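Colleague: Given next are the chains, with one letter for each unit.
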Amino acid sequence: MTRSGGKLLGLLAALALAIGLNGCKQQGGSAADSDEIIIGEYASLTGTTATFGVSTHNGVLLAIDEANAAGGINGKKIKLITEDDRSKADEARVVVTKLVTQNKAVAVLGEVASTRSMTAAPVCQQYKVPMVSPSSTNPEVTRKGDYIFRVCFTDDFQAAVVGKFAYDKGYRKAAIFKDMKNDYSVAFADNFAKSFIKQGGKVVGEQSYQEGDTDFKSQLNTLKATGPDAILCPGYYSEVGTIARQAREIGLNVPILGGDGWDSPKLVPGAGTALNGCFFSNHRFSRELELPEIKAFIENYKKKYNETPDALAALGYDAAGLVVDAMKRASKLDGPGIRDAIAQTKGFKGVTGVITLDENRNARKEALILRIDGEVFRVEKTYRPEELGQ
Amino acid sequence: MQQIAQQLIYGIQLGSLYALIALGYTMVYGVLRLINFAHGDVYMVGAFVGFYACTRWLPFKDLAAHPEAAGANIALAVVALLLAMAICSAMGVLIERFAYRPLRNGLQKADAHFWGLVLGFPITGLFMPVFSGWGPLVAVAVGMGVGFAMRPLVAWLARRVKLSESRLNALITAIGVSLLLENGGLLVFGANPNFIPNILPEHTYTLPGGVMVGSSQLTILGVSVFLMLALRYIVMYTRPGKAMRAISHDIEAAKLMGIDTDRVIAFTFALGGALAGAGGAMVAALTHVKITPLFGLLPGLKAFVAAVLGGAGSLPGAMVGGLLMGSAESFVAGSSLSMFRDAIAFCVLIIILLVRPAGLMGRHVPEKV
Amino acid sequence: MRWLALRTVTVVGCIAALAVVSKLLSANLDTYVFLVVIQCGVAMTLAGSLNLINGITGQFSIGHAGFYAVGAYVGAAWTVLWQPIAVRYLPLLHLGTPLGDTLTLLIAIVVGAAAAAVAGVVVGLPSLRLRGDYLAIVTLGFGEVIRVVILNIDAVGGARGLTGIPTLVGSGDLAFFWVFGLVVAVVALSRNLMRTTRGLTWLAVREDEIAADAMGVDTTRVKVTAFVVGSAFAGVAGVLYAHYFTSISPDVFGMDMSIIITTMVVLGGTGSVSGSLLAAIVLTALPEFLRFMQDYRMVIFSTMLVVVMLTRPQGMFGHGEISFATFRRLLGRRRAGGAKP
Amino acid sequence: MSLLELRGVTRRFGGLAAVSDITAHVDTGELVGLIGPNGAGKTTLFNLLTGVYAPSEGAVLFDGKDTRGLRPCRIAALGIARTFQNIRLFRELTALQNVKVAVNLRARSSLFSAMVDTMAQRADDARLDGLARECLTAMGLEQVADTRSCDLPYGLQRRLEISRALATRPRLLLLDEPAAGMNPFEKQDLMQLIRTIQTTFDVTVLLIEHDMKVVMGICERIYVLDYGQLIAEGAPAEIRANPKVIAAYLGEETD
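Residue numbers (the numbering used here), protein chains in the order written: chain A, 1 to 390; chain B, 1001 to 1369; chain C, 2001 to 2341; chain D, 3001 to 3255.
Bound-form chain A, shown alone (with noise of 0.2 Å):
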């Protein structure tokens, strides 16, 4: 008797349980009727990509600051709370869980890497709030759902642009070298490929790193021997720098390609001259346009956190300007009113470029190839959707 006595304790407590958490459940008020409007932001402030997440944080909080500033939306302020995903995947998807329900967040931006988006994209789909996407370039991010959004450009045109740019400089020959561990690395290693033999050029070896590894000789060596024009390398600036470092030892001088993972101030420290002359592509954003609005972002940004931005922090704003621009338009200041302003968004000048959703609810924005110049990047050339056939 004393088992099922135990059982029925069991059973008594758990209801008390249940009784007891009742109680618990989140009082908070509605949206609708204070005086602050909330926006969540779910950032990798810790972890393998914090400069990124910090960056785009910089840049979100300058937005909303600004915004705020100007008078908020409708007389009410707008509230950012961030939260740290520490760079996991399970992480984002438990703290967007709670932007939304507990916090009663009514847009949702984040995040720089596609696997945590996609991992928490339909966290916002189905309580139907709206998400933004800064940097997000995996193109399956945003079709987690309708209410997904980005207001970057995807991989696949990234990675088709560095392949036409590649074969139009003349390189016929290319070897890849990529982040296993980097979804991003492996997907633009992926569409490069494509669209560099498409143009009838030759991928002729393909080797691969884990973020983490101090090591690269052994790899850079085969690939040495395979005789590359150039090097595909799209993985981040932390580990390029040592990459580039280590083929120039070895004797590999080619050049070495990359995408906007390469953007970041600490690229060149990082890569002493080993990056001269190099070539990676990244979102319509450089000092180097001598365009106003870019001119005027950096000035504050200078202002506010005393660095220089880099293309993620400009996204961050932009992301962010965005979702404000559509708060002022939409009809209600929930999750569909907002979702539709944002999906109706036509010709938004953000720093990055003109932004239109298209009915996929990504961003056609240019790309631009910079070239590596001593601490300069400078603007090779400019890519627009277009031109790819996309």
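Where hints are given, some of them may not hold.
List of simulated lysine to any residue pairs, SDA-like, C-alpha gap at most 25 Å [said to hold, decoys possible]: (1) A:K303 / B:G1190; (2) A:K128 / C:T2167; (3) A:K202 / B:M1361; (4) A:K304 / B:L1187; (5) A:K128 / C:G2170; (6) A:K194 / B:S1335; (7) A:K302 / B:L1354; (8) A:K266 / B:L1058; (9) A:K266 / B:A1065; (10) B:K1061 / A:N276; (11) A:K266 / B:L1200; (12) D:K3065 / D:T3043; (13) A:K128 / C:D2030; (14) A:K266 / B:P1201; (15) A:K194 / C:A2155; (16) A:K173 / B:I1004; (17) A:K173 / B:M1212; (18) A:K266 / B:I1004; (19) A:K302 / B:G1190; (20) A:K266 / B:D1062; (21) A:K304 / B:P1357; (22) A:K381 / A:G347; (23) A:K128 / C:K2023; (24) C:K2023 / A:Y127; (25) A:K79 / C:P2287; (26) B:K1061 / B:L1218.
FYI, nobody ran anything at the bench for these hints, they're computed from the structure. Everything numeric in this text was worked out from a predicted model, so none of it was measured.
With the hints as your guide, set chains B, C and D onto chain A.
Modeller: Chains B, C and D only, in chain A's frame:
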């Protein structure tokens, strides 16, 4: 053929580094039968010391701007290396004193105070923004106060410490220390990667047969070999070294013979820390790899695998294991299976352990019945 | 017959209790809190199943995330890749219908558990030759090998992870029911093992392998069985995780996950089922509670870990259990018997 | 036929022969002693008998069956049980649980039924519980059944080990220095006890002992081991008078 020789050279360079770190693991394992998980993080601290020495503390000049400063920089680099070794060995001793010694001897009052302070600081740090108006002095004072207030809490928690012989326990403590160093490092150093600029001249030599060797590789190899020889001398011919060997043979007997085991264990951690520190600083300065608080995670793990591979507790084993791991990894990385690089390191380990359960050079002590 | 009646009552009672609690919780809890509760449930299963290997049988296994990953990936691969093929021949499996959903999930659980169990045998076999730290390293290494292999299988997404897994366990009360049903199963199994004469052989292997062998305990079989059962449960936890969170990626199942699960077991007191479960709750919920501390939370978390290890080396409960007997004792009633280790 | 038969058993560790070329036998119902100076290889011999080590040469036959290649648990199932020189109890388990582990050899239910706690398993458990308590009672340990074994006094721990060995229902019981660390009264008790269990449990006993009083007092036949070799065999009185044995214990008297 040239390819194979070339990969072998990379493997040896990588392996000598693994061996350097693995020695720290294996020495500690020898005397304490403890996997010092925090050792990889000591290596990380070495890299940061190297970074700060090269960019802030010492008057290094960037060679790109001042090519004439090469000689002065090399002299300074020796100082930086010694500095990293000194700080890391102090670090090792500190970890031993406050995290592992209480496991053996029970938590003393001093330990309770230490951990109280450690708990106090991050909690105070949280309120830093509140104090920002008052300046750092006030914040530090408050931090000390909170830390001081936390001491009795730890002491109270520890009022009935039962010593545990569980190895799992020691392992989790070591993991805790490792996490503490990593996350503490994130707070102190930030998550942004750092790079050491060009401060040492770099040349590449081409050997007959087209095999290329860089000066940085030669330096890493040379310093590692030198340090290993020095270590061997210390362990074989000096008094503390002999005491270390005695302890690794039988700690109880060593105690009875009048050896101050706690001191010798601290000495072991100091030696291991110095080696790891040297490795960290060298890698950071010579390969220009990114330096982050997670810098030690992967090399630490691989060095540890190397130590087990060679036979935990055996110094020559750590060297052999390190070289084996380095070469295996280099060959795999250079082959078409580069994506399986890490997996293959472990596969090699598993296979070798199944054939030789105590590692390549470990003594297999059958349990006495 | 008395036994049968009792057993029916307890099983039905458990199911009913779970159903009621899950309804109540999913209806009343904030979604975020509910998500954390579900995570706690998954963590409890993982800790409980590792406790079977580490705590009860005394094998030094620290690569549990590997089994978790195998379960999650094989289970998810079934629903995403193979189920659409199977449904052509077995219309019963049609998703969207309650029957089809449940059947698909059950099959996922079975394949996930089976795959993890096979992995358990593979890891369990070295345990026959290796002891202590060496075994620990092999298990850790195995976990890493699994992760790297998954990274390289394009069919399950590689580094991108596998997304778009149907939520077969739902997002509300059903999920709670499944996850905590699994917790109950682990607890019941551990309890049965620790109470029965048969189960004592597992504890004997932990206490003294040589003596156990000399007393006729087939230590080989005990160890391999512990690995198989422990990893099968971890596999099922993986299947449920995958079908609740709808996306999995290799970085979820990395070494840090393994280490956290090991920590749960040690912190709770190796061998103590209730301790492991409680530690699982604490270690899952604590970082969430500490979220307001932002950058500082992981520092505080790791310091607390060390301090707990130093001040309570035997873990929170040592080998002891918190049981209803404890409560009864607290209430002043006599303990009803049934010796517990 | 002998219950236990050793045919030229040799065991080497490295180059060193811990026991070499031992030929001996133990008959059913006997109480045989095995003595010898420290390091003579007595415990090694026990380990060879119980399968902890495999013989380098020669064979061990139990009840006519060659035990080579059998794991210790199989040999225990055949009917050889042992105690250990340095007590090896399951420290965290209670006295009763210690015995229950050994009683498992006589369990009928499977591990699976234990895991799901079936009815058959419950009945079986009740039966095993009875058997275990029986073994405890036989050694006078019923009072401490629920005490953790590491909390027991030393003498009781020794007894518990014997009781645990008996629980496997052995035909041959190997006792490794059962009287070590006991005072003279306890030793007297022990001798009495060994005789009793030999008759009540119908078991053959082979014991290693250093205390000559105990050995001479209860053994019917004695083997003497020195430097891994059998140097003498015979009844207690013969062994006492054997010059080789005296030499082995006291060193060569003639210089």
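Colleague: All hints are to be evaluated individually against the structure, with a verdict given for each.
Modeller: Okay, the hints, checked on the actual structure:
1. Straight-line distance between C-alpha atoms of K303 (chain A) and G1190 (chain B) comes to about 21 Å, which keeps the hinted pair within the 25 Å bound.
2. Restraint check: the Cα-Cα separation between K128 (chain A) and T2167 (chain C) comes to about 18 Å, which is no more than 25 Å; the hinted pair holds.
3. Pair hint K202 (chain A) plus M1361 (chain B) does not hold up; C-alpha atoms about 48 Å apart against a cutoff of 25 Å.
4. For the proposed pair K304 (chain A) and L1187 (chain B), the alpha carbon gap of about 22 Å is at most 25 Å, so the pair holds.
5. Distance check on the hinted pair: K128 (chain A) and G2170 (chain C) sit about 18 Å apart at the alpha-carbon level, within 25 Å; holds.
6. The hinted pair formed by K194 (chain A) and S1335 (chain B) meets the criterion: a straight-line CA distance of about 23 Å does not exceed 25 Å.
7. Between the alpha carbons of K302 (chain A) and L1354 (chain B) the distance comes to roughly 59 Å, so the proposed pair goes past 25 Å and is violated.
8. With a C-alpha separation of about 22 Å, the suggested pair K266 (chain A) and L1058 (chain B) falls inside the 25 Å cut-off, and the hint holds.
9. Between K266 (chain A) and A1065 (chain B) the CA atoms are separated by roughly 18 Å; this keeps the pair inside 25 Å, and the hint holds.
10. Among the hinted pairs, K1061 (chain B) with N276 (chain A) is consistent with the structure: their alpha-carbon atoms are about 21 Å apart, no more than 25 Å.
11. Under the criterion of a C-alpha separation no larger than 25 Å, the hint pairing K266 (chain A) with L1200 (chain B) is consistent with the structure, at around 20 Å.
12. For the hint linking K3065 (chain D) to T3043 (chain D), the alpha-carbon distance of about 22 Å falls within 25 Å, and the restraint holds.
13. Only pairs whose Cα atoms come within 25 Å are accepted, and K128 (chain A) paired with D2030 (chain C) is accepted, the gap being roughly 16 Å.
14. Under the criterion of a C-alpha separation no larger than 25 Å, the hint pairing K266 (chain A) with P1201 (chain B) is consistent with the structure, at around 22 Å.
15. A threshold of 25 Å between alpha carbons decides the hint, and for K194 (chain A) with A2155 (chain C) the separation of about 19 Å falls inside it, so the pair holds.
16. In summary, the hint linking K173 (chain A) to I1004 (chain B) is supported, as the alpha carbons are separated by about 24 Å, within the 25 Å threshold.
17. Only pairs whose Cα atoms come within 25 Å are accepted, and K173 (chain A) paired with M1212 (chain B) is accepted, the gap being roughly 24 Å.
18. The hinted pair formed by K266 (chain A) and I1004 (chain B) fails the criterion: a straight-line CA distance of about 34 Å is larger than 25 Å.
19. Distance hint between K302 (chain A) and G1190 (chain B) is fulfilled; the C-alpha atoms sit about 20 Å from each other, no more than 25 Å.
20. Taking the CA atoms of K266 (chain A) and D1062 (chain B), the gap is about 16 Å. The hint holds against a cut of 25 Å.
21. For the hint pairing K304 (chain A) with P1357 (chain B), the CA-to-CA distance comes to about 59 Å; that exceeds 25 Å, so the pair is violated.
22. About 23 Å separates the Cα atoms of K381 (chain A) and G347 (chain A), which keeps this hinted pair within 25 Å; it holds.
23. The suggested pairing of K128 (chain A) with K2023 (chain C) holds, with an alpha-carbon distance near 24 Å, which does not exceed 25 Å.
24. Of the pairs offered as hints, the one joining K2023 (chain C) and Y127 (chain A) holds, with about 20 Å between alpha carbons and a cut-off of 25 Å not exceeded.
25. Of the pairs offered as hints, the one joining K79 (chain A) and P2287 (chain C) holds, with about 24 Å between alpha carbons and a cut-off of 25 Å not exceeded.
26. At most 25 Å may separate the alpha-carbon atoms for a hinted pair to count; K1061 (chain B) and L1218 (chain B) meet this at roughly 22 Å.
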